[in-house]
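Novice: As given, the protein sequences belong to chains A and B, one line each in that order.
Just so you know, we're using numbering that gives the first Met the number 0 here: the first sequence kicks off at 0 and counts up by one.
Just so you know, we're using numbering that gives the first Met the number 0 here: the second sequence kicks off at 0 and counts up by one.
Simulated from the structure, these hints should not be mistaken for lab results.
It should be emphasised that the depicted structure is a prediction, and the values quoted were computed from it without experimental measurement.
Just so it is clear, CB atoms sit at the ideal spot from N, CA and C, and this is done for glycine as well.
Treat each hint with caution, since some may be false.
So, partial list: chain A residues that the calculated Cβ filter (under 10 Å) puts toward chain B [what the hints assert, rightly or not]:
(1) Thr21
(2) Leu25
(3) Arg37
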Amino acid sequence: MARTTPTQTSFTPYALASILATVCLLADLNYGFFDGIRGFFKASGIYSQLLINNSLDRLQYNFQSFGKINTLIKENRILVKKLEIQNTQDFLNRQTLFKELHLSSLNLTLNTMFGKQNHQIFKLASLDIKNYLCCSSHTLQLLNTSGLDVRKNLPVAADNTLVGQTIGSHLDLIKVILFSDDSHILPVQFGNFFCDAKGEGVPRVIACQIEGVSEDEFKGLGDQVFTSGLGGIYPKEVLVGNIMTIDLIELQDERMFKIMIELIVDPIDYNYFGVIE
Amino acid sequence: MISLRSILVFATIFLGFLLENFLLQFTLPFKVYLGIGTLVFSYWVYAIPESIHAFIALIYGLLIDLFLGQAIGFYALSFVLLTYLIHIYVFTFRLFSHIQLSIFFSGITTFVMAVHYLVFSPNHYSYFLLFISFIANMGAWLFVYFSLRAFRRKFY
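Work out the full structure, taking the sequences as your base and the hints as a guide.
Specialist: Given below as structure tokens:
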């Protein structure tokens, strides 16, 4: 209610205001005195209303458009996600198929080559690529998921040839030394010649030295190099490489030939390796 | 001096008239004319008589006439007279109950309505309509009174 007590209401201002209002009313009713002002206000009101309606319509349209865009963006995201999943699925299917083909091929090769011997196939866990490409140590690790007891010095095969031998096993990882490791020696034969091919520390390259022979004896031998079976680790007559070069080395009264051999497979290209018992 | 409170009061009066015009389409078929705008103005004069005098009432009335497109002066004159009437009885109203206030404010609203009909639309002048409207405005006064009291206590 009233916060202050009203004073005695004076009649004069109300009388004056009433007269003023009455004059206005009569002038307007009889003579249309305020038609202009009223028209202006009415027009302003109508325009304001139109403006507000237009703005609201535009706002509504924008909201609807925004909603549609949002829906499209959501649909697009869902489709992109589905496409990604589909692509991944396809890739995995291809990989599975490839793996099966690869494994069956490796199995077939191992069965053909070492039919009487047991063999297990292992997946590559890691290949020390840096050392393999730059330095003398060439090793790889195979994943022994089934926990098999894999002994040392067992031949390791890839594709249709041999690539190295096991040298140990740690925490379900089988360590394999490759032929190209400079501490590895592989007894090989080509023609009637036998030698121990030592790794050169270069990918796919091994070399052996032969003394006391003449150049003519190398003629007509062909390029293929096989395992000799000597040493008791590797089976014999498995093709492991091709002769790249034969270099004559002369040291005072000593003559020897250094035969550079290029291995036929590069372990980098394989994911599965067979270990032969 | 135009203060924020004056604008607030005028805004509520104007909204009252807009609501009145909006409700007419639903109430007139039932011969009911709710004078919500006049009731709102009456409430403010009743609640804050110290703030609404003759001049303010005249201005409010002229503005309402302008905005509603009425003949200029009708609501100005009505508001001035209503203000004077309420100011005279402002002490007496404090003794009134809600029903008495309803009758009084509904009565003056119906009177304004009757004059409006007589001046602008004498062909539609109807005692039945005025009587029904008087009853309806008693209820409308209670609605206006409690709504605006809550509003005044919160914002004014």
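Novice: Holds or violated: the hint that Leu25(A) contacts chain B, with Cβ atoms closer than 10 Å.
Specialist: 7 Å, holds
Novice: Report holds or violated for the interface hint on Thr21(A), using the least CB-CB distance to chain B and a cut-off of 10 Å.
Specialist: 6 Å, holds
Novice: For the restraint on Arg37(A), tell me whether the closest CB of chain B is nearer than 10 Å.
Specialist: Status holds, d = 6 Å.
Of the numbered hints stated above, none is contradicted by the structure.
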